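A.B. asks: Between the sequences and the hints, there should be enough to build the whole structure, so can you do that?
Residue numbers (my numbering), protein chains in the order written: chain A, 44 to 203; chain B, 271 to 440; chain C, 146 to 340.
Wrong hints could be hidden among the right ones.
[Unchecked claim] Derived DSSO-like pairs (lysine-lysine); straight-line CA-CA distance at most 30 Å:
{"no.": "1", "chain 1": "C", "residue 1": "Lys176", "chain 2": "C", "residue 2": "Lys319"}
{"no.": "2", "chain 1": "A", "residue 1": "Lys174", "chain 2": "A", "residue 2": "Lys132"}
{"no.": "3", "chain 1": "C", "residue 1": "Lys176", "chain 2": "C", "residue 2": "Lys332"}
{"no.": "4", "chain 1": "C", "residue 1": "Lys332", "chain 2": "B", "residue 2": "Lys333"}
{"no.": "5", "chain 1": "A", "residue 1": "Lys118", "chain 2": "A", "residue 2": "Lys132"}
{"no.": "6", "chain 1": "C", "residue 1": "Lys319", "chain 2": "C", "residue 2": "Lys289"}
{"no.": "7", "chain 1": "A", "residue 1": "Lys174", "chain 2": "A", "residue 2": "Lys154"}
{"no.": "8", "chain 1": "A", "residue 1": "Lys118", "chain 2": "A", "residue 2": "Lys154"}
{"no.": "9", "chain 1": "C", "residue 1": "Lys289", "chain 2": "C", "residue 2": "Lys332"}
{"no.": "10", "chain 1": "C", "residue 1": "Lys176", "chain 2": "B", "residue 2": "Lys333"}
{"no.": "11", "chain 1": "C", "residue 1": "Lys319", "chain 2": "B", "residue 2": "Lys333"}
{"no.": "12", "chain 1": "C", "residue 1": "Lys289", "chain 2": "A", "residue 2": "Lys132"}
{"no.": "13", "chain 1": "C", "residue 1": "Lys289", "chain 2": "B", "residue 2": "Lys333"}
{"no.": "14", "chain 1": "C", "residue 1": "Lys332", "chain 2": "C", "residue 2": "Lys319"}
Source of the hints: derived by calculation from the structure; they are not laboratory data. For clarity, every value in this text was computed on a predicted model and none was experimentally measured.
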Amino acid sequence: MRFLRRVLLLWALGGAAWGLWAQPAEPARRPHPLEKLRRMAPEERERVLRNMPPERRQMMEERLERWERMAPRRKQHLDGRLSNFQQMKPEQQQALRRLARRFQETMPEGKRMEGRRALTMLQRLDPEGRKRVLGSARMRERFSDEERELLREMAENMPD
Amino acid sequence: MKNTKGSACPMERGEEEILLRYCAGTLAAEGAGPLDEHVESCPRCRPWVREQRAVWQALESWKVEPVTAEFDAALLARIAREEEARPLWRRWWDRAKGAWGAALDWRVAVPAGAMALLLVVGLTMENPFRQEAGETMVKLEAREIEQAERALEDLEMLRQLEPPEEEQKL
Amino acid sequence: MMAVATSEHDAELMLRVREGDAQSFALLLAKHRGPVIHFLYRMIQNRAVAEELAQEVFLRVYRSRAGYEPTAKFTTWLFRIASHVALNYIRDGKHERNQESLDGESAEGIARQVASRAPTVEQEMVREVQLAEVRRTVELLPAKQRAAVLMHKYQEMDYAQIAAALECSESAVKSLLFRAYETLRAKLAHMAGRG
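C.D. replies: Spelled out as structure tokens, the structure:
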């Protein structure tokens with residue numbers, strides 16, 4: 044039994060090594076469904092989305108159109124961020140979605156733009172720098188304790 | 271010193287838990303019957319029971335709205351996404367483990383898995399149906415549409431967290 | 146007897162999920178999603194967060210299907226996961242910032258609840274104030290006491306089941322419930338006979 048196991052194992056290892064060696068240098072990458080959707084001609088897209096509930100479909104189409112209207116560099120930038128986001132662990136992704144929702148729900152409308160600016164700045168800092176900036180008189184003046192805490196959490200969870 | 275052990279009063283016996291069950295209606299009928307009479311006449315138990323019933327009633331008034339209709343769809347889509355992200359062998363392994371339980375021993379599974387791997391590697395290399403990168407694919411399964419939808423949602427979230435200046439810059 | 150039959154049925158369904166039967170998972174979800182979301186909502190007092198956490202609970206159920214063994218009642222196992230998720234969320238300090246305004250959502254919810262009974266404006270306002278008070282009082286309970294009371298009151302779980310869900314002894318559950326109800330009596334007993 045042990046001999047048989049060893050033979051099988053060696054065979055498998057040999058096979059795997061041969062497989063790796065023989066792999067093509069650049070394996071074909073499977074495009075993300077979003078990429079597929081973007082590449083589709085309008086009538087193809089229409090056919091694919093036909094069976095979706097109308098509100099969801101409308102939302103998707105609006106978002107696709109918004110992306111299409113963006114400048115190429117902006118598209119590249121946002122896609123890069125999305126790709127980094129998708130590489131985060133599912134629980135981290137979920138945490139950021141939750142925080143973003145909280146940001147939209149709890150940050151007063153008048154402060155939201157400033158919050159977005161602060162977030163962009165905080166993301167570029169290390170934890171120590173963030174702490175310093177968030178503790179500054181200027182930030183304390185503009186944001187409540189809860190709002191600053193939310194910004195800190197978001198900055199920590201944002202993808203590059 | 272008063273002997274409380276033989277007392278009929280749960281409060282005196284330090285057994286308020288009985289009164290709690292009495293108020294919750296989970297005390298068996300044979301226990302609840304004699305307690306009815308006692309509670310009526312006991313100056314310690316009566317107010318306790320009245321207050322506990324008030325709490326019970328107050329908690330009962332707290333109704334929660336029904337679950338949103340999208341809950342199941344969102345959960346099943348998440349499960350589908352997770353399944354999609356898991357390697358094929360892992361999905362196969364869990365399924366087999368679920369079906370065969372402990373009978374599936376690693377000593378059988380490792381060589382079998384290795385053989386399957388060999389087969390997959392071989393087929394991948396020689397697969398005449400493999401699609402070339404860049405080739406347009408027009409078919410999208412329902413699950414893929416959900417993935418695209420989620421990606422668009424995430425993209426929108428990331429966009430909305432950036433200030434408009436970023437848009438100007440790029 | 147009914148409860149036993151139901152719990153056996155749940156375990157059976159879960160065993161089928163283990164074998165890859167998606168339909169059985171849908172059945173379990175349909176049956177338990179309400180109680181789980183309601184429990185989480187009363188724990189966290191934020192609708193969106195409660196639904197997110199409930200998704201996490203059912204995802205964990207699904208993820209652990211391969212190793213599922215029906216050693217405990219399904220509901221107890223499910224609420225062990227739900228309590229774990231809720232207590233972790235509260236421990237991480239996220240929930241204070243996420244509670245919905247008692248003036249906003251609850252007033253709306255209450256208005257909807259009482260609309261069908263067409264009460265007077267005054268009665269409606271009294272109910273609204275009462276509900277806000279109940280929510281605030283429950284919210285002030287320490288998290289584990291809160292979980293114990295919610296499982297005891299709304300899920301009608303016995304001490305042994307609550308103990309299994311909270312991973313503590315039955316005497317610890319008795320003590321949690323005793324202290325929690327003591328606080329609730331002190332704060333809510335005055336509601337007797339009102340409304």
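A.B. asks: Look at each hint and say if it fits the structure.
C.D. replies: We went through each hint and held it up to the structure:
1. C/Lys176 - C/Lys319: holds, 28 Å
2. A/Lys174 - A/Lys132: Distance ~25 Å between A/Lys174 and A/Lys132 Cα, so the pair holds.
3. C/Lys176 - C/Lys332: Cα-Cα ~34 Å, so violated.
4. C/Lys332 - B/Lys333: Status holds; Cα separation ~19 Å.
5. A/Lys118 - A/Lys132: The hint holds at about 24 Å.
6. C/Lys319 - C/Lys289: holds, 12 Å
7. A/Lys174 - A/Lys154: holds, 20 Å
8. A/Lys118 - A/Lys154: holds, 27 Å
9. C/Lys289 - C/Lys332: holds, 18 Å
10. C/Lys176 - B/Lys333: It holds: about 18 Å lies between the C-alpha atoms, which stays within 30 Å.
11. C/Lys319 - B/Lys333: holds, 25 Å
12. C/Lys289 - A/Lys132: holds, 29 Å
13. C/Lys289 - B/Lys333: It holds: about 21 Å lies between the C-alpha atoms, which stays within 30 Å.
14. C/Lys332 - C/Lys319: holds, 20 Å
Consistency with the previously given hints fails for number 3 only.
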